[in-house]
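Peer 1: Read off the chains here:
2 protein chains.
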Amino acid sequence: MEHDFPALPEGTVTSPIGFSASATYAGLKKPGGEGVLDVGLLCSDVPCVAAGVFTTNRVRAAPVLLCQQRLAKATAQALVVNAGCANACTGPQGMANAVSMAEAAAKTLGLPPENVLVASTGVIGQPLPIERLREAIGRMTPTRDGGHDLARAIMTTDTSPKEIAVEVAIGEATATVAGIAKGSGMICPNMATMLAFLTTDAAVDAALARAALREAVDESFNMVAVDNDTSTNDMVLLLANGLAGNEPLQAGSEYAAVFQAALRQVCVHLARWIARDGEGATKLMEVTVEGALTLDQARAAARTVATSSLVKAAIHGNDPNWGRIAAAVGRSGAEMDWSKTDLYLEGLCLVRGGCPEQFSQPQVRRLLSAAEVRVKVCLNLGAESATAWGCDLSAEYVRINADYLT
Amino acid sequence: MEHDFPALPEGTVTSPIGFSASATYAGLKKPGGEGVLDVGLLCSDVPCVAAGVFTTNRVRAAPVLLCQQRLAKATAQALVVNAGCANACTGPQGMANAVSMAEAAAKTLGLPPENVLVASTGVIGQPLPIERLREAIGRMTPTRDGGHDLARAIMTTDTSPKEIAVEVAIGEATATVAGIAKGSGMICPNMATMLAFLTTDAAVDAALARAALREAVDESFNMVAVDNDTSTNDMVLLLANGLAGNEPLQAGSEYAAVFQAALRQVCVHLARWIARDGEGATKLMEVTVEGALTLDQARAAARTVATSSLVKAAIHGNDPNWGRIAAAVGRSGAEMDWSKTDLYLEGLCLVRGGCPEQFSQPQVRRLLSAAEVRVKVCLNLGAESATAWGCDLSAEYVRINADYLT
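Going down the list, the sequences are from chains A and B.
Be aware that the first sequence starts at 1, since it is given in our numbering, and climbs by one per residue.
Be aware that the second sequence starts at 1, since it is given in our numbering, and climbs by one per residue.
Among the hints, erroneous ones may be present.
The list treats identical chains as one, so a pair stands whether inside a single copy or across any two.
Said to hold, decoys possible - Straight line, CA to CA, 35 Å or less: simulated DSBU-like cross-link-like pairs of lysine-lysine:
#	residue 1	residue 2
1	30	283
2	29	340
3	73	340
4	73	283
5	29	283
6	29	73
7	340	30
Source of the hints: derived by calculation from the structure; they are not laboratory data.
Isolated chain A, as found in the complex (with noise of 0.2 Å):
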């Protein structure tokens, strides 16, 4: 069942009712760096309930824990954010800083500190200068259309901040999904971070707003990859603050899976934007693997291909060189048998039953030029499928992530 809920012009993660944010700087992204915003807070009216992903890393960033820990009783009603230090690696000391940044969260808007949820994004094996960062966090009042500030100060090499909001009917209330999103960016001397916080109005029990955040991460933030390294920071956020007086929704009643089909819109909106965004990115490619066996190998097939560095330098090249896809299916660990498999590029049928077909190559090429390129491979054994986003390799990518201090 696809859905397609109209999204809000100018929408953004306070565009449910009873949300609000602000942001500042404390000088994180740059020394003294008044204006540049690196420290944000989102909350909500009421509490909330919450859910979230995080990071497969074994190696993992305080706020990952303090967040694990906290969403234990799947309660929250706020978050403090900061960009430019991950505070990850860093001892005891980091963890004592996430409370800290929790607690001065905390007393800005007149919480309990166990509500507040913590995330950070940048520099690994930094402390975080946490007095700086205490008096931004004191200095900042949340209002109604905070979410705009809120999207730019989390990111870091991102191009542009990534917002959006649906609405979704829900019975006789009209609900508000919504989310923000920062990239595959990296901070100098920094990898890859995925920050996303959604919040909706609607009324969610725990388990239901657990269950929907991972299905629908697993449809789109799990199926983005700009470089394949995975973050000691990566989360994903959701709060449902029930202010849009519906009933509450649970596993199984009439409108869960359209409240799925929501959060699912949102975060494959942001999730492709985070593709497009990928640093060094001059287009997106889209990946679609039909007819596999299984859900999970449609999934890695379509994953291995959309990060495969070859793929994504032919992409970049305009080069119509799909033995690189084939390759890529053939060691996913997907089962495949080539002499069934059909490919495409933008529609156009470059390989059927394992055959190569005739085609023209500057057609190809001028195909491959567009902002947006579409890979399709057809494993013709069973009846799964699944898309993945990710982004071409320039010369670009490697200039930012090698070159940053000369």
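Starting from the known structure of chain A, fit chain B onto it as the hints suggest.
Peer 2: Then chain B, alone, in the frame of chain A:
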């Protein structure tokens, strides 16, 4: 047990007794490219015990499938190889062409066709110009010093031929173990293929040949990565003709471990060379992981660091960005406890027990500017260790793989 067997000056695949080789051109690398070697023969005076290790890609080129069939009997006497066309994704005609290459070589050498192995590297999805190729194969006369030409003929974007031979005493006899390889360079428009051909005049039984090759490959070629793309054509072949006159080696016999060590040395030498000569590479990166719980985990962690685009880009830029190394180990699947982990760059400890050490950025940058850079991660959890080899990621890699036609 580390050995350092003496390398023969100008040693190559025809250094062991009874091996000869030849190379010529068939216009595969360069249309009408007289003098550009792209076809070669390797043969032994007598039948050899033979073993092979092949790509794990589910899409396998015709020569890979043919070699796998022919090695069931564990004997072979010759090899015919071409560069410039991978004969992959070419359907039934591709297999017929591989068989035809072997036939032509068998005719040239006066051998039964089923004793000839076949390897190809180059463009995927294009048919071999089989008549031109057969004509070229008919032109060759293998000689004792033809190994150097063969090493050149299999090159694609490699910048140098890769060859080595070492001497090893086996009881009263002196045997030679030798090899040539081509690296993870790509030929336009193609994907990486790794080929290595190993010869020895040691007498080895089939079971030991297989087991020794598997083990040597696991410690060498399987620990090399330029871009993590497993080719449809990768293969490593071992031919042992027994002409050194030693008592045939079998598993558990006195000199089996010595033979194993010599084979390992040859493979590691070639593997390191492949990494150093990766496309666009300006330096070799050697990653050692110590103190892992299992060997598989040690290998996975070392390989993940060596293939991380972010680590590779940092090494390219002489950037002491150890956070990226920590994050790569953390996502490798290896058990780790960051608070126990030590991390070294070029012997300098940057992290001890999960805590960053003070270090001079300019000093580390100087250390990283060497032609070979060593990364060491001590997990301090167990007794297993492994080493992987990779190269830095440069803008030149992107140029080679994106802009080949423009």
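Peer 1: Does each hint hold? Answer for all of them.
Peer 2: To see whether the hints hold, each was checked on the structure:
1. With identical chains, the CA atoms of residue 30 and residue 283 are at most 35 Å apart both within one copy (29 Å) and between copies (32 Å).
2. Proximity of residue 29 and residue 340 under a CA criterion of 35 Å is satisfied inter-copy only: 30 Å between copies versus 51 Å inside one chain copy.
3. With identical chains, the CA atoms of residue 73 and residue 340 are at most 35 Å apart between copies only, with a shortest distance of 30 Å across copies and 49 Å within one.
4. Taking the shortest Cα distances, residue 73 and residue 283 never come within 35 Å of each other, neither inside one copy (41 Å) nor across copies (50 Å).
5. Both within a single protomer and between protomers do residue 29 and residue 283 lie at most 35 Å apart by alpha-carbon distance, with minima of 27 Å and 31 Å respectively.
6. When the C-alpha separation of residue 29 and residue 73 is checked against a cutoff of 35 Å, the pair qualifies only within one copy, where the shortest distance is 33 Å, while the shortest distance between copies is 64 Å.
7. Taking identical chains as interchangeable, the C-alpha atoms of residue 340 and residue 30 lie at most 35 Å apart only when they sit on different chains, with a minimum of 32 Å there against 54 Å within one chain.
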